[in-house]
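Enquirer: Letter by letter, the chains look like this.
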Amino acid sequence: MTNSIHDMGGMHGFGPVVAEPNEPPFHEAWEGRVLAMTRGTGYTGLWTLDGFRASMEGLPPVTYLSSSYYERWFRGLERLVVAHGLVGEDEIAAGRSLRPGVRLNRKLTLDDVKAARAPTFERPAPASARFKPGDQVRTRIINPVTHTRLPRYARGKLGTVEAVRGCHVFPDSAAIGAGDNPQWLYTVVFTARELWGEEADPTVTSSIEAFEPYLMPL
Amino acid sequence: MAEDHAHSHNHAHGSELSEMQLRVRALETILTEKGYVDPAALDQIVENFETRTGPHIGARVIARAWLDPEFKRRLLADATEAVNALADFDPIANHMIAVENTPQVHNLVVCTLCSCFPWSVLGLPPVWYKSAPYRSRAVIDPRGVLAEFGVSLPPQTQIRIWDSTAEDRFIVVPMRPAGTDGWSEDELARLVTRDSMVGTGLAKSPGDVAR
Chain A
340 MTNSIHDMGG MHGFGPVVAE PNEPPFHEAW EGRVLAMTRG TGYTGLWTLD
390 GFRASMEGLP PVTYLSSSYY ERWFRGLERL VVAHGLVGED EIAAGRSLRP
440 GVRLNRKLTL DDVKAARAPT FERPAPASAR FKPGDQVRTR IINPVTHTRL
490 PRYARGKLGT VEAVRGCHVF PDSAAIGAGD NPQWLYTVVF TARELWGEEA
540 DPTVTSSIEA FEPYLMPL
Chain B
849 MAEDHAHSHN HAHGSELSEM QLRVRALETI LTEKGYVDPA ALDQIVENFE
899 TRTGPHIGAR VIARAWLDPE FKRRLLADAT EAVNALADFD PIANHMIAVE
949 NTPQVHNLVV CTLCSCFPWS VLGLPPVWYK SAPYRSRAVI DPRGVLAEFG
999 VSLPPQTQIR IWDSTAEDRF IVVPMRPAGT DGWSEDELAR LVTRDSMVGT
1049 GLAKSPGDVA R
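Chain order of the listed sequences is A and B.
With the working numbering applied, the first sequence covers 340 to 557.
With the working numbering applied, the second sequence covers 849 to 1059.
There may be inaccurate statements among the hints.
[Claimed, not checked] Listed next, the in silico DSSO-like pairs over lysine-lysine satisfying Cα-Cα at most 27 Å (straight line): (1) K978/B - K496/A; (2) K882/B - K453/A; (3) K978/B - K1052/B.
Just so you know, the hints here were simulated from the structure itself, not pulled from any lab data.
Since we're looking at a predicted model, the values are computed, not measured.
When you get a sec, could you build the whole thing from the sequences and use the hints?
Expert: Structural data, given as structure tokens:
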């Protein structure tokens, strides 16, 4: 879902930012297990990173806000393993396996983890980039009901292309199982006044990483 | 979907953590019994995040950049290549971008949509980075957010916010503190905090650390 609670830029009312001194990587052991299970099951290739993000974004807003970070991961993961037929709702309810697993194409091994291979989201470009640094662009006004990485606060805004970042997997496609659909990625800069109005701080500029389908030439 | 009828009681009482422990353990048992995950691989993932990655990596990168102008040039041109060339750490993913603070410009990194963070050089993001207050306000009230971190910039300093909306990952190169001439890379690295590489802090001053 796109116009949901995860898209928080510019909202009011959440209060001050509170930092915890000497914060550990995980506050509870289960948080690390959730992260690791998410990595492990994601390796099967049954869904994409953006599919996982979309699963969390699809949580009811009240659930999203009242869950801790790794609770959201857990809920998102539970939704995915059920939706992709890896685990039955009856097994979730029972808290144990009730039948053998389905066959996987890939399973993450200890050697895979030790090899620490770094993933890349860059892909060969099917066409040349439409924009170059310095180009003025306007972001599109879109409201897809599926996943997107164009935040609401930056839709329909006038900006400047600052950098071309290569051709990357397009999250809006990858999230819904529609393949990589590689698109050019740009850093696009906006003034705070363009984003927030004339009262905004004139010393502030803000950028997003914008895929080419999000942008229109002027 | 396996959803909220099963979860809705979670927040009604005070045993949320033990509830989560039980549910997470149950899911791991199911995934393991069905042959989908190898617990040893999961153990190694957790161990990596607890012991291998962390802001000590970024601090080393920044200290090197402060000392070595050629390394800094390469870092700002292609941070992935520059960090991997150090060869001291696990290889980092593509798309790392280093942005430099100067007396004129202060950079601030956020992920308004979730929690995108340069894990490979800074470790896991802290809770505040993933929290609604930071994600909502960093883009609309950066000076207010900085004030809550104790950072007060001159009013004429330009603030540049980087919203991590794709797989590009940003690390801020903070300004080198005055009074550190002749310091070694190890000594300088101790001045580089995680927050200074996100933009919510500045590098420590020499007086803040025992040399």
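Enquirer: State for each hint whether it applies.
Expert: Structure-based check of each hint:
Only pairs whose Cα atoms come within 27 Å are accepted, and K978/B paired with K496/A is accepted, the gap being roughly 25 Å. A C-alpha spacing of about 23 Å is found between K882/B and K453/A, which places the hinted pair at or below 27 Å, so the restraint holds. At most 27 Å may separate the alpha-carbon atoms for a hinted pair to count; K978/B and K1052/B meet this at roughly 24 Å.
Of the numbered hints given earlier, the model fails none.
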